[in-house]
Structures are given as structure tokens and as C-alpha cells.
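Colleague: Here is how the chains run, residue by residue.
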Amino acid sequence: MAFTPGQPVTAVVQRIEIQKLRQGDNLILGFSIGGGIDQDPGQNPFSEDKTDKGIYVTRISAGGPADEAGLRMGDKIMQVNGWDMTMVTHDQARKRLTKKNEDVVRLLVTRKSLEDAVRQSMTRP
Amino acid sequence: MDNESQYSGYSYKSSHSRSSRKHRDRRDRHRSKSRDSSSRGDKSVTIQTPGEPLLDAESTRGDDRDDNWGETTTVVTGTSEHSISNEDLTRVTKDLEESTPLECKRFLGPALGGCLSFFALVTPLAFLILPQVLWRDVLEPCGTPCEGLYVSLAFKLLVLLISSWALFLRPPRATLPRFFVFRCLLMVLVFLFVASYWLFYGVRVLEPKERDYRGIVEYAASLVDALLFIQYLALVLLEVRHLQPAFCLKVVRSTDGASKFYNVGHLSIQRAAVWVLDRYYSDFPVYNPALLNLPKSILSKKMTGFKVYSLDENTTNNSTGQSRAMIAAAARRRDNSHNEFYYEECEMDRRVRKRKARLVVAVEEAFTHIKRLHEEEVASSPKHPREVMDPREAAQAIFASMARAMQKYLRTTRQQAFHSMESILTHLQFCITHNMTPKAFLERYLTPGPTMQYQQQNGRGRQWTLVSEEPVTSSLRQGLVFSLRRLDFSLVVTVTPLPFLRLGEEFIDPKSHKFVMRLQSETSV
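Top line first, the protein sequences correspond to chains A and B. Quick note: the first sequence uses full-length UniProt numbering, first residue 1, plus one each step. Quick note: the second sequence uses full-length UniProt numbering, first residue 1, plus one each step.
Treat the hints with caution; some may be incorrect.
[What the hints assert, rightly or not] One side of the interface only, derived from the structure: several residues of chain B facing chain A at Cβ under 7 Å:
hint, residue
1, E522
2, T523
3, S524
4, V525
In case anyone wonders, no lab produced these hints; they're calculated from the structure. Don't be surprised by glycine CBs; every beta carbon is placed ideally from N, CA and C.
Input sequences plus hints: build the corresponding full structure.
Modeller: Now the structure itself:
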């Protein structure tokens, strides 16, 4: 998932659709995010490239909507409902995910295992 | 209290002239104020039995007391031909108080204690000397052990003497209303000891003319030991027991609410009262009766709002409607008094600050006019002969330029009763002598100091009255309240015990202080 600045990013992504769960007054998704262009990328335990300032999934609450939809810890979120997540601040990312008038979020996430799987299937004759 | 009937001992209260009461009050206020600020270094506390109405003829409650007092009081007058007006009586009592000779009662206790201790100290020597004097030839000679006993006896007596001097030979600082229980107990104990020793001595030694001198010496040594132990007991009871704090006393002055908290140990009420008064003279700002009341303009407006009533039998609708409107208007008008108070206070602050600024500038300028003359300068400048002054003259020289500003400032802060021109000059002279800056000179006038600062030394005591519902020799307890009354104000003391502290322990391994950088902020969605 290395990127060169100025060049379009290419990644193998998985589409994940999460239904928001209503808990009292809030709609929750059941996972936590970390990262953003205003955060320190060196602290990210999940990224391969320590200069990557993207949004990563840091924790998934067990049994929550995200867990059931197939989101895994360490995933990098590329898009939310069509909105780009590779160059956003942490707060913007949070806002995109927690819009009150949306019941469903459709994420494009990428992870290392996806790319490995694709590469494997490509090199196999 | 206004409508109680009062009889015999206080019958002079009946024969006052109603019209001159206002003037009397004002005059008494001045008189008692001056009495407060003059003289007396010592204090004496006398008790007043609770329940009696406190009759201070010089109470300075001021002019807002109901002046129609006399009309509603029923009194039984004594059968005296001439009536003394209250003014005469207060004048007489004032003269009496100021001219009473030193109370001999004050020195009775220490004198008694001194006699007793002298007697006790001389007794062992008497025990030793009497056989030698009376039947020397019959006595058995006593060698080395006796000499050892002599030496130890001498040293013990010396120690007793020195420690008695150090601990007990101090001028008493207060006379208490009831007996000081511990001191009495100890004196009785000493008396009993010495008396019983003399008894045995008389029966066993003097009668049969005992010949064993060593036994007599040992007997005297045992008396000295016993005296040393009694002195240890005295030390513990009188000096040490009350040192560990056990109670918290809250002392509030009744007139202006100045309050302080003190920690004391186990004391009786009267001793605690003396303790509090010691602290009062150096901790509390001086009582200034002129600073107490709300300005008259505000109070009077508040009072006149409500005098609306009609005595008509048949009230028509019109008049009730009118009176209701008037009452409503009065109620609305009442709301403004706090407003006026606020503005009045702001105005007062501004005035005080302005005067203070003028005073500070005047004093600073005045201080620049003089400077200290050093020895070398006298010789080095023969062509400028300056007039050399001593501190008093220097003070007088610069006083004139600041006198006016000082007087105006003191008037604005109502302190003019405490500082006479003479005292200001003396203080100025003092400051000049000690190289103080103008700010140090002004420190005395800018903040009201403790009462001690305004005392003049005098042999007379200060009269305080301890008012309490419990007997004053009982020791302090939770919830006890007693008050110390003076002529125009009182100190109310409340006792609360100090809380019991449960101290726990937590051990922190110095190696356990470890830190990590915080991970990126994580938000759960």
C-alpha cells in the first residue's frame, strides 16, 4: 500500500456494508478509528508504511454491526459512502461515519491479506 | 428586654432623663471608645453568672434603638430622695475603675504557692540540720554512704530550685474566675506530702532522738525524690497536657464578624478563654465602632416605605385600592436599597483610594527632604554647613507637608480616633531612626492592625467577662459555646473537636514510574 505523492493510489479493496445499530439516542457502528492527516503516523501499529496518514480501524467491538459485516482490525478505510478517507483529518473521518441521517455506511476497506491473496492468485498459473 | 421590670440593685436605671438619652448614648460611646484604646497591659477575667440580663450601662448600640424605651418600662424605684442620673453614675464608675489600686487578690495565689514551695525546699535541709543541732554528740558517725547521699541531695535540690524558677516563677498574666483546678490540686498534694513527712519526722526522729543519722539522711533524700516527682506531675499537668491539639475553636467578634480558627488541646473553659484572649490581641484587627453601620440614607429609605395604614372603620373600595397601590409602590421601591448600597460602597472605595494615593505621594515626597548624615560627610563639606537634626526634629520638620493628607485619609477611613498627632510624630521619628522607607511608615495606617498595636502599657488589667452556660472549670467538649464580653462587643467561641484521622499507607515502587507515548487518538463510532 505504498503511495507516491501526486500519483493516484491503487489498492485492492473490499466492499463492506454496515447497518448502523440504534442504541438509545445514538447510531453506532461498533468499531474505533485512528489516524488522520492531523495525527502522528508513526504510532500506527497497523500500517506497513509509517508515513501513511490514512484512517485505520483500531478496535472492533465483538458482536457489533461492524464485526458482523466483516470489518477486521487493522483495515484501512479508503472510502465511506463515496467520500474519500485517505486524506482527511481525524475529526472529518469521524463526522463522515457518524452522520445521523444515514442508516447504512458502505465502506471500501483494504488490508494486507487482500493484496496478498490477489497476488497469490495472479502468480498461480 | 425593654418591657421587663427591673428592681433594686439596678434601680438607678429608672431615674434617667428620657430626653437626654440620645446625647448620653453618644457621649458614652465616645467615652468607652477612649477607654478601650487607653492603658492596661494585663487582663483579668471575671465571671458573670448566666441568666442575668447583661446590664452594660455604656452599651454603644447607637441611635437606632427605640427612643421610647422609657415609656413602656415599669420600674420599682427605691426610696431615695435625690436621683442620680445615669451620667453621674457612669462618670463615677469610670473614675473608680481607673483609680482602683492594684488588686491584692491578683497576687494571693502566687504568693501562697511561693510560700509552699519555699517551705517544701527548706524541709529536707531542716531534716538534716535539726539532729546535728539538737543532739550532735549522741549521733552515730556516718561515713562514705552519707557523703554520697549529701551530694545527691544537694544536686537534686539544685535541680528542683532551677526548674521551679524556670517553670513556675512567672508573673501571672490573668486572674481566673474560679480556682485553677490543677494548680490547686498540686498545691494540696505538696502540702500533704510535706506535712506527712514532718509528722513522721516528728514522731520517729525528734521524739526518741534517733541516733542513726544515715537513716535520717535517707529519709530526707526520699522526700526530695518525692518532690521531684511532684514537680514532674506539675509539669505534665500544667504545661504539657494541653499542647496536643484536640479541639478547634471558632472565635467570632459579634460586632463586625471578624473570625478566626484556633487549635487547642484539652483545657478548661476558663483557661481556653485566656488562651483565646492572648491570640485575640495579636490576631484580630482592632475594633472600630465607626465602621459598622450602613449609611443612614439607605436605612431610612427602607424604613419609611411601609408606614401605610388607615384607621378608618368604614373603608370604601376607593381607599383600599389606593392603599394597596401604595403598598405595591412601596414594595417596588424597597428593591432599590441594595442598589444604593452598592453605589455608595463604590463611591466610598473610590474616595478612600483617592485619599490614599494623595497620602502616599505626600509621604514619599516628604521623605525625600531628609537624608541620613554619615560621619565622613561632616568633615568633607565644610563649605555647606547643614543644620544637623536629631530624629525628633527631623520628624517635626517633614511632618508639616504630609499632615493634611494624613489627616484626611484617617478621617475617610474613620481611624482618626486611634492616631493622635503625637503618636504619628513618634512613629515618624521611629521610622526615620531605623531607615525605613515611606511604605514601611505607612504600613501602620493603611491597614488596621491588631489591637495590640494600639495599647499603651499600664499596670491595670483589661476587664473581660466570661459568659457561659457550663461551669467554667469544666473542660472543653464538642458543641460548647461561651462568649467573652467586653463593654461594647463580645467574642463568641464555639468548640468543635478535631476530626480523627485515619492515615493509610500506599507504597509506590520507584521503578514503577513508566510512561509510553499515547497512541493516536482513537474515536469509537
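Colleague: With a cut-off of 7 Å on the beta carbons, see whether S524 (chain B) makes it to chain A.
Modeller: Cβ of S524 (chain B) sits 4 Å from chain A, so the hint holds.
Colleague: Using the nearest Cβ pair, does E522 (chain B) come within less than 7 Å of chain A?
Modeller: For E522 (chain B), the interface hint holds, since the closest Cβ of chain A sits about 5 Å away, which is under 7 Å.
Colleague: Against chain A, run the beta carbon of T523 (chain B) and see if the smallest gap drops under 7 Å.
Modeller: Since chain A brings a Cβ to about 5 Å from T523 (chain B), closer than 7 Å, the hint holds.
Colleague: Tell me if the interface restraint on V525 (chain B) is satisfied: Cβ within less than 7 Å of some Cβ in chain A.
Modeller: With a closest approach of 4 Å, the V525 (chain B) hint holds.
Checked against the numbered hints given earlier, this structure breaks none of them.
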